[in-house]
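Protein sequences, first through last, are from chains R and L.
My numbering puts the first sequence at residues 53 to 180.
My numbering puts the second sequence at residues 200 to 579.
Because the hints were derived from the structure by calculation, they are not lab data.
A few of these clues could be false.
In the SDA-like style, the derived pairs of lysine to any residue whose C-alpha atoms are separated by at most 20 Å in a straight line are [to be verified]: (1) K494/L with P482/L; (2) K504/L with V135/R; (3) K504/L with S120/R; (4) K504/L with K65/R; (5) K65/R with V135/R.
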Amino acid sequence: MEHNIPSDLNYTKSHEWVRVAGDLATVGITDHAQHELTDVVFVELPAMGRHLKAGEACAVVESVKTASDIYAPVSGEVMEVNVAATSNPALVNSEPYAGGWFFKLRIARPAELQGLLTAPQYAIHLGP
Amino acid sequence: MLKRTPLFETHQKLGGRLIEFGGWEMPVQYSGILEEHRAVRTAAGLFDISHMGELRLSGAAALEFLNRVLTNDVQRLGVGQGQYTLMCRETGGVVDDLYVFRTTEQEYLLIVNASRIEADMAWLEAQWVRFSRRGDVVVVNESDQYGAVAIQGPRVAEFIDACFDGGWGGGAAVTHARDLQKNEIASFRTAPAVAWVSRTGYTGEDGFEVVVPAKEVVVLWNRILTVGQPFGLKPAGLGARDTLRLEACYPLYGHELAETITPLEAGLGFFVALDKPDFMGRPVLAAQKQHGFDKQCIAFKMAGKSAPPRPHYAIWTPAPSARKIGEVVSGTQSPTLGVGIGMGYVPPAEAKPGTVIDIEIRGRMTPATVVTKPFYRRKA
């Protein structure tokens, strides 16, 4: 199965993507993740202002079949959450890298960004 | 090693996503659960149910034996008729829920849950050994010899007859499959095989279930898909099967039903014929009917926008009493209603429709209301 893996983003092994702009990181789940989850029917996002540690479970995405945790790719404070995704969870399926984003963090430890996967590394992680 | 149905490669070719279910590798979805659910509610869906078990019982004492081990009254079945029924232990706990069809005067076809075939056979053999007329009844597990499909949805009756090559004469006296009444069964030719076709299903829609020799099921599946395509027929997986059955409040063994749950507790008293002679579990079930029981299966709807309920979530009374009263056994986001729905067990005192309860979702009390079953009923 071919999946869309934009080259300008970074990734985690747990299938989150990160778009860095200045000290802000926008976080969502990958095309592969939304495909594996199937129809997303509910999204629960972290509270604004919450300080997240890298690797911390901070959001939940529910498909018809099951609930899955979303993890903070890097540490930081939640500056914005995507209310469009909570009111229309299908956006996570239809636009995983655009309208289906989850939240924005103010990056607390920029060095953590080095630990994220590049697009080619994530493609290898997914396997053939 | 997971078991595969004869349609395994067909599912792969159709892009089906395969998962483990009751020891079987089955498609959970093809195009998507919501799309397949909608197809069944508005047009038609085709399901592989070859994993389900087929048991054949025959002989002069088959009726008497079945009436001892099943809760519903098999005596009520004429040739070509079937009924939903349960098989219980002495405790009243459910060994399995199933369909029994009377295919000839002295032959019966039992369609049982895939995950319960071995348990059912072990139970039936144990009962058979104790049965005085055992010389006059033969119990055979023919599950491996048969494949089966379900064709479900409001438009199925428009094309069902194009799936077959005319009647074969067995079961109900009908010429066309569309003439079958609910719960009736008859045999039809589907070259080169003969199929048993019943007007039954597990979706809350009109539809048919078809049992054919295992080696013929791929040809039949492809024929049905071709014939049904102009009517909006789509292949549908176990994901949609589960959301459809939950909206219709049909029990699923391992969720609403278990050996620790009786049919009355599950709300299936209609299928327990206490007026027939003694049968397995009858004393306990009769006592429950008279004196009541301590847990009851409810249907509930989330009060507002919330995460969908899931099996094992705790059920509480609302604050200030805030008592834990039970557990969710099935739950999902209802594609038809657009809200979280579920079933669970609570004490009968808390089971009245309209009762407000809390579902504990990830540590948070989330309000829900007990509702009358089912969530969805098709328009007549």
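We went through each hint and held it up to the structure:
no.: 1; hint: K494/L with P482/L; result: holds, 18 Å
no.: 2; hint: K504/L with V135/R; result: holds, 13 Å
no.: 3; hint: K504/L with S120/R; result: holds, 18 Å
no.: 4; hint: K504/L with K65/R; result: violated, 31 Å
no.: 5; hint: K65/R with V135/R; result: violated, 25 Å
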